[in-house]
Amino acid sequence: MQIELTGVTKIYELGGETFYALRDVNFSVDRGEFVAIMGPSGSGKSTLANIIGGLDRPDQGTVVVDGEHLAKMGDAELSRFRNKKIGFIFQAFNLKGDATALENVMLPLVFARMRPAERKARATECLGVVGLSDRLGHLPSQLSGGQRQRVAIARALATRPSIVIADEPTGNLDSARGEESITMLETLNAEGITVIVITHDPNVGRHARRTFEVHDGQLNEKPAA
Amino acid sequence: MRFTDYFALALRSLRRSRLRSGLTISAIVVGATGLTIMLTFVTSVKNYVVNQFVQTGQIRQIQVAQTANLTYSANGNAGGFNPGGTGPQLTPALELKIGALPHVTRVAATLQTGQQVVQYLAFGGHQLVLNGLSAYEADGVIEPTLVAGRDLGPRDTTNVVLLSQDYADALGFKGSYAKLVGQTVVLHTTQGYTGVGATLPNVLPPQNQCGNGGGGGGGGGFSKVCGPTSGLPAANLAAVVVGVVNGSYQGQQTVYVPLPWAIGILNQAQPQNVHYQFGGGCGPGTPGFGQPGQGQPGQGQPGPGQPSGGGGCGPVGGPQILGPSAGPGQVLGGWRTDTPGQYLSNQGNYQSFLVSVDNTNNIARVANAITHFGVSAATGLDALNKQKQGANIVALVLGALGLVALGIAALGVMNTMVMSVLERTREIGVMRALGARGSTIRRLFTFEAAALGFFGGLFGVLIGYGIVLVAKPIIAKTVNTGSGLPNFSVPLWLVILVIGGTTLIGIVSGLIPARRAARLDPVEALRYE
Ligand SMILES: Nc1ncnc2c1ncn2[C@@H]1O[C@H](COP(=O)(O)OP(=O)(O)OP(=O)(O)O)[C@@H](O)[C@H]1O
Ligand SMILES: [Mg+2]
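So the protein sequences, as listed, match chains E and X. This note's numbering numbers the first residue of the first sequence as 407 and each following residue consecutively. This note's numbering numbers the first residue of the second sequence as 917 and each following residue consecutively.
These aren't lab readings, by the way, just hints derived from the structure by calculation. Hints may be right or wrong, so weigh each one.
Stated by the list, open to error - Taking lysine to any residue pairs in the SDA-like style, the calculated list, with each CA pair at most 20 Å apart, reads:
1) E:526 x X:1355
2) E:478 x X:919
3) E:526 x X:919
4) E:526 x X:923
5) E:526 x X:1302
6) E:478 x X:1437
7) E:490 x X:1355
8) E:526 x X:1262
9) E:490 x E:520
10) E:478 x X:917
11) E:526 x X:918
The task is simple: from the sequences and hints, build the whole structure.
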């Protein structure tokens, strides 16, 4: 298993009451899988995704990715892990507004201390993959919603991660643009990248080989249809 | 992350909020400009003072004077050149002793004559007031800075002068000082002059002439004691101008002469065994008194003194009045002049020695040795340090003001950075998701704050430099000191200090906001609206 979560629990203390965002979650994904995590709003999908991606830490339980315990990593190591292994794609795109498409895609490579010439070549290549070779110098404000999401996908791919985590990638797109994005993720998956898509769109879920459901912090695998 | 990336990213975020960055930088610019101008001013003045000391050799000199006590005592205080002097006098013998001290290279004695003997300096149609003569031994210790000609040398014993720039200007040589060099000026003495260069007659005028006319009395108010020579005419002493002294050197209105000549001028010959004939002179003692003093003030020409001579025939005048009917006196015993040594000794000896020391490091030691002779010794270093101290105090006060301005600017930077962190919380979350460490985020914001400080300092120095450039000619015009003006320039260390200082202020001000940014929880940051 590439990703293995055991007994993962995330608790928020709110006004003296403990709120379980995640409760005893066990979850494992093999290398090269395409899985979907579905569930109603506020059920804990994003929390789970952030924990898998090393952005958040569970209060209980262990997260092992590629044999490495994330709990044992310090900030520097965990940051490096996110940089090298994980590609995040957000619903809100989260592009740097004052940076061009190319610069946005180069940003994770800047954190990876890649040499300028190399990172430019790599970012150009990634933007080519998502079909934006002619938009390198455009600012996010000069791009359509679908193009912005493609820049975000290119950025997630820049460091050649083995896992891509997409949290509601289609949430801000019309169905055609959403479909396009999912197709792109499928292409990546076909090349061997593990893809975890969080969505509450059943159409998106249908692309996944396996689908999980989160309800009030509890995760269950949906039996294959 | 690479250094250049930090820099590029920091600049980008500053550019994104141009107005805010600009205002924050402006506050720093104000402080930095002020600091640059103030420090430039103070260091330039300080350098100028030091240069003056070094150039004139004052840095390696010790000024020796008789210890003085201002409490009057009828017989205790020496008169002559050193009124109030109480300690051992500055005798030629002491000069030799000091000269023999280790590390002393040379000693020069100085005298300042009063106005009594030399009245004015004449050249062409000009007659210029003299505040006495500044006399010194021209053995290389005292070397006034010149604008033309040469300094006095050991072979200049009489009939040469150095004029300070103001005199040269007043004689019409402003800007062409070299033309004055080689010209002969006249030092006009008071009436009754019997010093060096005077013609000493065998027959003296009737002694009751000592009223001295209106003229001599008017010239400075030093009515001569009515001695046997008081009726003698004034003398014109020719002096060749060998150099013109820079106006910034010592007094601005000074005439410098070689010491031997000054002593010769001061040392008045006395007629011996004068035999007066009675019955001449005033005649029947007409008490009509003619015109009271027709001599013009300041022009003790012998001529104008005469007509009112009749008026002098009363029981006025000095203590040696022989009577209204005194006639001309025959000098039967010839003329007697004290030797320079005797004369000096009578007058309380020299006023000061200037001692030149081989090395700055030995100054304190030599000065100490000199004080063991019972005289006071002030080193050029003392004087310099005093002046430097003054400049330091000015620098401190002005610098403190600049620092207050920078302190306020620091608060501005802090505020800007807090705002920037708040504004970019979500971006921080994204960067963390993309693999930025907490320390990377911290450095990113620190760079941003440092850049604010750096540009503030840079522009501040540039503007300050510009103001100095503009102000320089204005200062030169308004504060006309001849040629002596500090060279106002912004030294490199100041540029580095100011820019480095403001950069540091930026870094320190950004420390807390940057740390806050670094400690943000990535998930919380991403959730931030
Ligand atoms: N910092 C927090 N403090 C308290 N509660 C929190 C905090 N962060 C998240 N939660 C709660 O945890 C639960 C899970 O949040 P999460 O963002 O994972 O939901 P989600 O399934 O992604 O919802 P959505 O589909 O709307 O994105 C929510 O009910 C939320 O209110
Ligand atoms: Mg969510």
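Each hint tested on the structure:
| no. | hint | in the structure |
| --- | --- | --- |
| 1 | E:526 x X:1355 | 24 Å, violated |
| 2 | E:478 x X:919 | 29 Å, violated |
| 3 | E:526 x X:919 | 17 Å, holds |
| 4 | E:526 x X:923 | 18 Å, holds |
| 5 | E:526 x X:1302 | 63 Å, violated |
| 6 | E:478 x X:1437 | 18 Å, holds |
| 7 | E:490 x X:1355 | 18 Å, holds |
| 8 | E:526 x X:1262 | 96 Å, violated |
| 9 | E:490 x E:520 | 12 Å, holds |
| 10 | E:478 x X:917 | 23 Å, violated |
| 11 | E:526 x X:918 | 15 Å, holds |
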